[in-house]
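Novice: Okay, here's what each chain looks like letter by letter:
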Amino acid sequence: SQQGEEDPQALSIQEGENATMNCSYKTSINNLQWYRQNSGRGLVHLILIRSNEREKHSGRLRVTLDTSKKSSSLLITASRAADTASYFCATFNDYKLSFGAGTTVTVRA
Amino acid sequence: NAGVMQNPRHLVRRRGQEARLRCSPMKGHSHVYWYRQLPEEGLKFMVYLQKENIIDESGMPKERFSAEFPKEGPSILRIQQVVRGDSAAYFCASSPERRLNEKLFFGSGTQLSVL
Chain A
1 SQQGEEDPQA
11 LSIQEGENAT
21 MNCSYKTSIN
31 NLQWYRQNSG
41 RGLVHLILIR
51 SNEREKHSGR
61 LRVTLDTSKK
71 SSSLLITASR
81 AADTASYFCA
91 TFNDYKLSFG
101 AGTTVTVRA
Chain B
1 NAGVMQNPRH
11 LVRRRGQEAR
21 LRCSPMKGHS
31 HVYWYRQLPE
41 EGLKFMVYLQ
51 KENIIDESGM
61 PKERFSAEFP
71 KEGPSILRIQ
81 QVVRGDSAAY
91 FCASSPERRL
101 NEKLFFGSGT
111 QLSVL
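Chains as they are written, first to last, in the numbering used here: chain A, 1 to 109; chain B, 1 to 115.
Please keep in mind that the hints were generated in silico from the structure rather than gathered at the bench. Remember, predicted model here, so these are calculated numbers, not experimental data. Check each hint, because a few of them may be wrong.
[Stated by the list, open to error] No more than 25 Å apart at the CA atoms, straight line, and that leaves these computed lysine-lysine pairs for DSS-like:
1) A:K96 to B:K103
2) B:K103 to A:K70
3) B:K103 to A:K56
4) A:K96 to B:K44
5) A:K26 to B:K103
6) A:K70 to B:K44
7) A:K70 to A:K96
8) A:K96 to B:K71
9) B:K51 to B:K62
10) B:K51 to B:K103
11) A:K96 to B:K62
12) A:K70 to A:K26
13) A:K69 to A:K56
14) A:K96 to A:K69
15) B:K44 to B:K103
16) A:K96 to B:K27
17) A:K69 to B:K103
18) A:K56 to A:K26
19) B:K27 to B:K62
20) B:K62 to B:K44
21) B:K51 to A:K96
22) B:K44 to A:K26
Chain A extracted, bound-state conformation:
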């Protein structure tokens, strides 16, 4: 069964706007990661947040983690057309990385 569940399933925004997506998971984790997948391509690692961290930034990305609610959010600020992709959260427990179903983000020019 999937560990993470993203919300919303799809998101359409105008270039320059912010995009926020959420992820909920079920069991305890060592860390939570976010990946991006462009159509027909492999996944690219974006950012990792450890279970003892609450917020992390990387460029235009901001990730939060609330272990009490078993949830995380990914914020992409000042979106660009190139941000159009599917975004997946993944939880790393021991050695296995488990993915959610993803959020498809479309950035309109």
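Starting from the known structure of chain A, arrange chain B on it as the hints suggest.
Specialist: Okay, now just chain B, sitting in the frame of chain A:
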């Protein structure tokens, strides 16, 4: 430093044939993972291998599927007697060692189509 290499990029098989998918991990990486992705879905874990060892194959169907990662050469995911339901994108990922906070590096995948 080349990334994770998968081939072929696209593979077409008729029902009942065998499919062999290859994955060369990044240089220096000794851990390989295989995932399957159906359209509009996330990646489903299939198997985790180290050199010459299968560590966890809990996500792999018991029949028709097998995986190996020999001492020399790429990792192979083998699907015997393919059926239409095997049509999917198969992704390989690698990591340098077994660490609790290790990110995975993904290949571009093999799209398997079963006619």
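Novice: Does each hint hold? Answer for all of them.
Specialist: For each hint, the structure was consulted:
1. A:K96 to B:K103: holds, 10 Å
2. B:K103 to A:K70: holds, 20 Å
3. B:K103 to A:K56: With Cα atoms ~16 Å apart, B:K103 and A:K56 stay inside 25 Å; holds.
4. A:K96 to B:K44: Distance of about 11 Å is within 25 Å: holds.
5. A:K26 to B:K103: holds, 20 Å
6. A:K70 to B:K44: Roughly 21 Å between the alpha carbons, so the hint for A:K70 and B:K44 holds.
7. A:K70 to A:K96: Distance ~18 Å between A:K70 and A:K96 Cα, so the pair holds.
8. A:K96 to B:K71: holds, 22 Å
9. B:K51 to B:K62: holds, 21 Å
10. B:K51 to B:K103: Judged against 25 Å, a Cα distance of about 19 Å means the pair holds.
11. A:K96 to B:K62: holds, 19 Å
12. A:K70 to A:K26: Given pair A:K70, A:K26 holds - Cα atoms ~7 Å apart, limit 25 Å.
13. A:K69 to A:K56: holds, 17 Å
14. A:K96 to A:K69: Judged against 25 Å, a Cα distance of about 22 Å means the pair holds.
15. B:K44 to B:K103: Answer holds: B:K44 to B:K103 is near 16 Å, not above 25 Å.
16. A:K96 to B:K27: holds, 21 Å
17. A:K69 to B:K103: OK: A:K69 and B:K103 at ~23 Å, within 25 Å.
18. A:K56 to A:K26: Holds: A:K56 and A:K26 sit about 21 Å apart, inside 25 Å.
19. B:K27 to B:K62: Cα-Cα ~30 Å, so violated.
20. B:K62 to B:K44: holds, 15 Å
21. B:K51 to A:K96: holds, 17 Å
22. B:K44 to A:K26: It holds: about 16 Å lies between the C-alpha atoms, which stays within 25 Å.
Violation of the numbered hints given earlier is confined to hint 19; every other hint is satisfied by the structure.
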